[in-house]
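**Student:** Assemble the whole structure, with the sequences as input and the hints as a guide.
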Amino acid sequence: MFKRSVRKGNYAYTVTRVKAKKSHLLREEDYDKMIQMSVPEISRYISEAGYQKEMADLAGKYEGMELLEHATYQNMANVFNSILGASQGELATMVSAYLEKWDIWNLKVILRGKSYGLTGNGIKEDLVPAGKIDEAALDKLISLESIDDILNEYSRMGKVKFPADVISDYKESGNLGVIEDYLDKLHYQRLLDSISPYTQPTKIFLDYIRRDIDVVNLRTIMKLKSEGIYGEKVMKYYIPGGMQIDSKFAQLLANAETVSAAAGDMSRLDVFEEYIKPVLDFDNYDNKAVVSAIKKYQEDQAKKMAHMYPLSVLPVIDFMVHKETEVRNIRVVARGVNSGLGRETIKGLLVI
Amino acid sequence: MAAAEAAGLIAVGAGLAVGLTGLGAGIAEGNVGAAAVGAITEDASLFGKAMIFMVLPETIVIFGLVISILAIFVM
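Line order of the protein sequences matches chains A and B.
Taking our numbering, the leading residue of the first sequence gets 1, the next gets one more, and so forth.
Taking our numbering, the leading residue of the second sequence gets 1001, the next gets one more, and so forth.
Source of the hints: derived by calculation from the structure; they are not laboratory data.
In this text, a Cβ means the ideal position worked out from N, Cα and C, and glycines have one as well.
Check each hint, because a few of them may be wrong.
Here are some chain B residues pointing at chain A (derived, C-beta under 10 Å) [unchecked claim]: (1) Gly-1030; (2) Asn-1031; (3) Val-1032; (4) Gly-1033; (5) Ala-1034; (6) Ala-1035; (7) Ala-1036.
**Tutor:** Next up, the structure:
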């Protein structure tokens, strides 16, 4: 019985910690206040709202907008690491599979940085060590010279096997995009595999991830379509495993030449009617507004599932989604204020 | 003989009352304790409240104990 409970995960402990952290997240009225502030005032405000340690740690190294951006990412990384450290058993397996996206983000940053000849410190500035690969291991990756060495080392660290055809495609074309696309697909595949659908909460989590794959695919399809790319080229980026967008439906959406031509088919998706349709303007297509609408959908989905099973992985994922949104919102406000955008415009870009 | 059998059954009942309520309290305290430690980790000022929640499941054992005392001494 005890062995089973360890394997199952320490939900009571982790969920309570997560709920306590969630109570400190910024609210709509906080963003309303922040919109009216300058960047240093925003920095001070978020310092009092839980970002104090990271702001103080990085204050000697950065200032202004840079300080705020690094501190928010560092804070998110610290919070996610504390959740990962606190969780055990199947909960830890699911949380670490969910956070693998940050390992992949970091690997992409390192690969891009190396290929553009950036210095180690330059690359390090853009890393977000929120996944299971810690800062020391990331430093080791940065210290390696060639892309091949980095991929080999990452294969060992992240237990990833890069297929020979992906490596040969990369070597032939010299395009890192081939590896990046493979990593994105691999992340979702591994995440889906990490969730055992034998209990109701994990079934709900699985459905949430499958919906997440749908919105990622939809975002890619719409972005490429807005740039005039359609057909087979779009399908190269298709991530399998979605709930509503299977390969057949993705092909249908990809083949439409414009966003307006795909709108009819898109209306079959849950996300379309309530979220995308109100911001969709075919004459003057705004991808940012659509991305914000999709983010809002993701957040609402997380919110919906959070209260269904209190002692499960669902509140943990809900918090992580909200924390990511909070960091994104703070950066949007600060960047908006910094570049002199109007208050209403900034507010329109927030996901609340 | 019948009286001895009845006394034996009463003793078994009293034992079950304490034993099973103890198990129930243990299971409940497992979750409550883990949550209490989680809450205290995030905010140490919650220690007092967490302690109160921690001892609440103990009442189940007290009910069991009362029943077993009644069984042994009153019946």
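**Student:** Evaluate each hint against the coordinates.
**Tutor:** Status of each hint after checking the structure:
1. Gly-1030: At about 8 Å, which falls below the 10 Å cut-off, the nearest Cβ of chain A leaves the hint on Gly-1030/B intact, so it holds.
2. Asn-1031: Status holds, d = 4 Å.
3. Val-1032: 8 Å, holds
4. Gly-1033: 8 Å, holds
5. Ala-1034: With a minimum Cβ separation of about 4 Å from chain A (threshold 10 Å), the hint on Ala-1034/B holds.
6. Ala-1035: For Ala-1035/B, the interface hint holds, since the closest Cβ of chain A sits about 4 Å away, which is under 10 Å.
7. Ala-1036: Nearest chain A Cβ about 8 Å off; hint holds.
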